[in-house]
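**Student:** Listed below, chain by chain, are the residues.
2 protein chains.
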Amino acid sequence: MDQLLRVQNFTISSDGVAAREDQSLERPFGSDIDPRKLFAWAGATASWSLRTEPGGSRGLDDYFIRDFGHGIGAEIMGRNKFGPQRGPWSDHEWRGWWGDEPPFHTPVFVLTHHERPSFTLSDTTFHFVDGDPATVLAQAREAAHGKDVRLGGGVSTIREFLDADLVDTLHVAVAPVKLGAGLRLWDSPDELLDRFHMEVVPSPSGVAHHLFWRK
Amino acid sequence: MDQLLRVQNFTISSDGVAAREDQSLERPFGSDIDPRKLFAWAGATASWSLRTEPGGSRGLDDYFIRDFGHGIGAEIMGRNKFGPQRGPWSDHEWRGWWGDEPPFHTPVFVLTHHERPSFTLSDTTFHFVDGDPATVLAQAREAAHGKDVRLGGGVSTIREFLDADLVDTLHVAVAPVKLGAGLRLWDSPDELLDRFHMEVVPSPSGVAHHLFWRK
Chain A
1 MDQLLRVQNF TISSDGVAAR EDQSLERPFG SDIDPRKLFA WAGATASWSL RTEPGGSRGL
61 DDYFIRDFGH GIGAEIMGRN KFGPQRGPWS DHEWRGWWGD EPPFHTPVFV LTHHERPSFT
121 LSDTTFHFVD GDPATVLAQA REAAHGKDVR LGGGVSTIRE FLDADLVDTL HVAVAPVKLG
181 AGLRLWDSPD ELLDRFHMEV VPSPSGVAHH LFWRK
Chain B
216 MDQLLRVQNF TISSDGVAAR EDQSLERPFG SDIDPRKLFA WAGATASWSL RTEPGGSRGL
276 DDYFIRDFGH GIGAEIMGRN KFGPQRGPWS DHEWRGWWGD EPPFHTPVFV LTHHERPSFT
336 LSDTTFHFVD GDPATVLAQA REAAHGKDVR LGGGVSTIRE FLDADLVDTL HVAVAPVKLG
396 AGLRLWDSPD ELLDRFHMEV VPSPSGVAHH LFWRK
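Residue numbers (my numbering), protein chains in the order written: chain A, 1 to 215; chain B, 216 to 430.
Read the hints as simulated data drawn from the structure, not as lab findings. By construction, the Cβ of each residue, glycine as well, lies at the ideal position given by its N, Cα and C atoms. Each statement offered as a hint is correct.
Covered by chain B, according to a simulated footprint, are these stretches of chain A (three or more residues, beta-carbon under 8 Å):
#, segment
1, 56-66
2, 197-209
Just some of the chain B residues that point at chain A, by a computed CB distance under 7 Å:
#, residue
3, 274
4, 278
5, 285
6, 414
Computed spacing ranges between beta-carbons, pair by pair:
#, chain 1, residue 1, chain 2, residue 2, range
7, B, 242, A, 176, 44 to 52 Å
8, B, 247, A, 135, 55 to 63 Å
9, B, 310, A, 95, 48 to 56 Å
Throw the hints in and build the complete structure from the sequences for me.
**Tutor:** Listed below in structure tokens is the structure:
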């Protein structure tokens, strides 16, 4: 069985935007994006990792949420998914947005041109790596011990790995929200049709799940 | 986290039929039902356990197929899912339809009024149990070590556990095939709406995935 590189549950607006450019510690997706709105479809499911109360839906959206860690042995993410800092790492106390128990439960490879020592929070270990996509993917595959690798985003990272033709499957959740300016995954999902099969599955929650796999 | 009792990938015709009454060793679903036709949606996916060649789709249907064993620690099945025999077990050489490597990978509890010793094939152990649904579910939950229990079918077994109000979620795949007479799961899925939420998700393969979870 191959080790796939998979994008999962990556959520964008109906006009293709995942975040604004003006990310900050308080606003991981940019000044005027409320992640609770963009990720409402995920937050309503029974399997959502941040759920604090019992209940939640167990319909279609829940399948995508509970598949998040299934068969995944490592994640690759861009620096801006990890945090809002730019340039050399000055504050080693900042250890990501996710608190003491990040939802990854595997090694995570953070792309950065600036050195930083690895550290572990609960069962997630963050490594900071500088390399071209193929090299970093090889590192992540080795760490995944035969399992698949998740490509966590953001937009620039996904586009970089798509340009290198390293992505095997993508699940992009298109939320019923329009955002206008920002970091855009695509102008249209049809841009991927030369290399990928596509299924678009509308969910009762209002999200349209876009599923791609290699031709 | 509760241990759910889940029906998964249970496939029926558009008129609600899962099998005919005249099951035989050669025809597990009855004399004129071709399982390759009924399960075409599953067989086309990349994750289908009986797939012998590479390839296969990684769209919506594949999510359901690869979720089959995810988080499951035991299965309960009716005797007729296990085999076509009726009455006392006369041939202990017959050990199910699935060959030396059954696709369950957990303990399986087969409902029967006739005693038979447990046996193991690869990582699946079959136990033969006589008891009311609540008692058998308690046995399966214990064997599942905190994971969920799958209710494997057939129709009579699912209906029996529904009548006892023990089923937490159901995924029923309604195939674009009409079968007429036979063992029928329902006249209409609306019969479950008093106790369950329902989502109906049409797949590009032609199957309509029916997802139910408790209100």
